[in-house]
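Asker: Generate coordinates for the entire structure from the input sequences, incorporating the hints supplied.
Listed in order, the protein sequences are those of chains Z and V. Going by this note's numbering, the residue at position 270 of the first sequence is 270; the numbering climbs one at a time, nothing skipped. Going by this note's numbering, the residue at position 71 of the second sequence is 1071; the numbering climbs one at a time, nothing skipped.
Don't take every hint at face value.
What the hints assert, rightly or not - To give a feel for the contact side, a few chain Z residues facing chain V, derived at Cβ under 7 Å:
#	residue
1	Ile77
2	Ser85
3	Ser98
4	Met112
5	Trp129
6	Leu222
7	Phe225
8	Ile256
9	Leu257
10	Tyr261
11	Pro263
12	Ala264
As the list claims (entries may be wrong) - Lysine-lysine pairs mimicking DSS-like chemistry, simulated, CA-CA at most 25 Å apart:
#	chain 1	residue 1	chain 2	residue 2
13	Z	Lys262	Z	Lys219
14	V	Lys1117	Z	Lys262
15	V	Lys1315	V	Lys1190
16	Z	Lys219	V	Lys1117
What the hints assert, rightly or not - Which chain V residues stay away from chain Z? Per the calculated CB distances, all over 10 Å, these:
#	residue
17	Gly1035
18	Thr1093
19	Leu1139
20	Leu1153
21	Gly1158
22	Ser1169
23	Ala1287
24	Gly1294
By construction, these hints were calculated from the structure, which means they are not laboratory data. We put the CB at the ideal spot given by N, CA and C, even for glycine.
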Amino acid sequence: MIDFLQIVIYGIVLGSIIALGAIGVSLIFGILRFAHFAHGDLMTLGAYFALAGVAGMSLPMFAAFGLALGATALVAIGIDRALYSRLQQVSPIILLISSVGVALMLRSLIQMIWGPDNEIYQSGISMPWTFGGLRIQPTQVMIVGGAAGLMLLLHLFLQHTRFGKAMRAMSDNPDLARLSGINTDRIVILTWIIAGVLAAAAGIFLGMDTRLHPIMGWKLLLPVFAAAIFGGIGKPYGAVAGALVIGLAQEMSTLILPAAYKPAVAFALMVIILIWRPTGIFGGKVL
Amino acid sequence: MELSGLFSYLVFFLSMVSVYAVLVLGLNIQWGYNGQLNIGVAAFFAVGAYTTAIATGPASENYLGGFGLPFLVGLILAMVVAGLLALLVGLITVNLRSDYLAIATIGIAEIVRLFLKNEGWLTNGVRGISSIPSPFDELQGIAEGMTYLAILLAFVGGVYWICQRLFRSPWARVLRAIRANEDAVLAAGKNVLLFRVEAFVLGSMFMGLGGALYAHFVGFISPSAFDPMFATFVVWVMLIAGGSGNNRGALLGALVIWAVWTLSSSMIDILADIGLLPDQLATQASALRIFLIGLLLEIILLTRREGLLPERPPKAIDRAD
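Answerer: Okay, here's the thing in structure tokens:
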């Protein structure tokens, strides 16, 4: 029983990380209508920006965290202005291919700047808290708490601000949104800011939970897409639910499958949902 | 470099171009003809390579092998296994739109890579399979290289011929029509799903063939040779640079991009030698090269989306004959 609960904790931690990425993928699809393949590498970039803050500039972790979120959002906007916005009129498929190229460029850049080896934010081992045999790392609490906080902020933003409402309107019907006087260009930039911030947070949390590596985010891309599809693409709340399901399923699969096949579990779940209910459990859009 | 060194390098260069040309022609059937986004080229490439390695390679205690089948049988088996995998993927994903197919094929590539890495009884895991026989073991050195290049060129020619014949056929016309307007083709009474599965399977079979030709060329394969991203990505850049939908463009793209890839390595060496490249970048030369290929793709997408040789659909058939 304790072992099982321990796995549930791992699943929730992983699910929180995946959720932050999946919300971004879902928002980008809702607003820009393409599957953003560079999202995993945007996460990696965020994680390494935080590393630069902690190790390079000796900043405290929270300051490096904030810096990394901002810097990643700026990079996301820059990529959109340089590439995606120019390809927007062409076709979503060209945008998708372009994002695959961006994914590879980001990863190569990260490897050139920081090298191909594993990195960690801080050396030293923090003692886990134990609750009747159940071990919980302080970082795990930080990750889940941080992810929940960011999601709450996003929820308040989407439901209660003018920009949030405009974003939802544009996701529902871009033409109607434009006709009703919404500055869609500004909404696109806002989408990239939110997606960039959430991706960076996901990357940093992943780095705290495991280690930093140039392909860490790419490896998370499949679960992230699986979560976004599971929850219904274009539905941020569905993405969160999908992420928890995927995270828990991946960790629980270790009870019956070799741990190496964890990504296959995300894929299998995605395929099942695609066949059974292509719009996801929360009835999102079909790609 | 000595003349003979240069010559053997040229043979090596053209052999690699030939292997990639087969892959690009396969991708062209899927993407160029039909608009299917297969981002899992590496999976079919790897499956083809491993199939022929196991079928034709020597016996080993560590993994399955020792069947000692002939070269041609290995190639056919590679195409069959890659085709079966594609059929499985195709049947699951066939009624999904392009973005979903892209994500699904990434998943397949990832699972194939995990399988090759972890199922050591079959594939020898990360150590890979060595001493894959060349079809002309009795020949040595450059003679062997040239003979194999001749075989490769013959295969490229054969695949190109098939692709050209198909391109002008009613079959490919339906594929292009599906790409342009699926609903209209459906309304015309065509079985859209069947056509899509056929294109996906045929394209993947050629990718499997490319993998098998590669395995016999290099003689050693391991999971790291089929990095899902790089192996797939280079093939994509080749097709888009050359001109998707155009078989000659596919061949040209394989030649040009492999040349760029090769030259970028020499350029980086030279720049590092004369001190123009910071040491840190020189040690990350492979990352720098991948970055440059990515940049090249973005430039092509922004400036010349049609590629070097744009698609030219064949003229409508004159009904008078």
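Asker: If a hint holds in the structure, say so; if it doesn't, say that too.
Answerer: Do the hints match the structure? See the list:
1. Ile77: 16 Å, violated
2. Ser85: 11 Å, violated
3. Ser98: 5 Å, holds
4. Met112: At about 4 Å, which falls below the 7 Å cut-off, the nearest Cβ of chain V leaves the hint on Met112 of chain Z intact, so it holds.
5. Trp129: 34 Å, violated
6. Leu222: Leu222 of chain Z check passes; min Cβ-Cβ to chain V is 6 Å, inside 7 Å.
7. Phe225: 5 Å, holds
8. Ile256: 15 Å, violated
9. Leu257: 10 Å, violated
10. Tyr261: Holds: closest Cβ of chain V sits about 6 Å from Tyr261 of chain Z, inside 7 Å.
11. Pro263: 5 Å, holds
12. Ala264: With Cβ-Cβ at 5 Å, under 7 Å, it holds.
13. Z:Lys262 x Z:Lys219: 11 Å, holds
14. V:Lys1117 x Z:Lys262: It holds: about 14 Å lies between the C-alpha atoms, which stays within 25 Å.
15. V:Lys1315 x V:Lys1190: 21 Å, holds
16. Z:Lys219 x V:Lys1117: Given pair Lys219 of chain Z, Lys1117 of chain V holds - Cα atoms ~15 Å apart, limit 25 Å.
17. Gly1035: Given that some Cβ of chain Z is not farther than 10 Å from that of Gly1035 of chain V, nearest at about 7 Å, it is violated.
18. Thr1093: Not fine: 8 Å to the nearest Cβ puts Thr1093 of chain V too close to chain Z.
19. Leu1139: 38 Å, holds
20. Leu1153: For Leu1153 of chain V, whose nearest Cβ neighbour in chain Z is about 29 Å away, the distance exceeds 10 Å, so it holds.
21. Gly1158: 29 Å, holds
22. Ser1169: Ser1169 of chain V is indeed farther than 10 Å from all Cβ atoms of chain Z, at 24 Å.
23. Ala1287: 4 Å, violated
24. Gly1294: Its Cβ does come within 10 Å of chain Z, the nearest being 4 Å, so this is violated.
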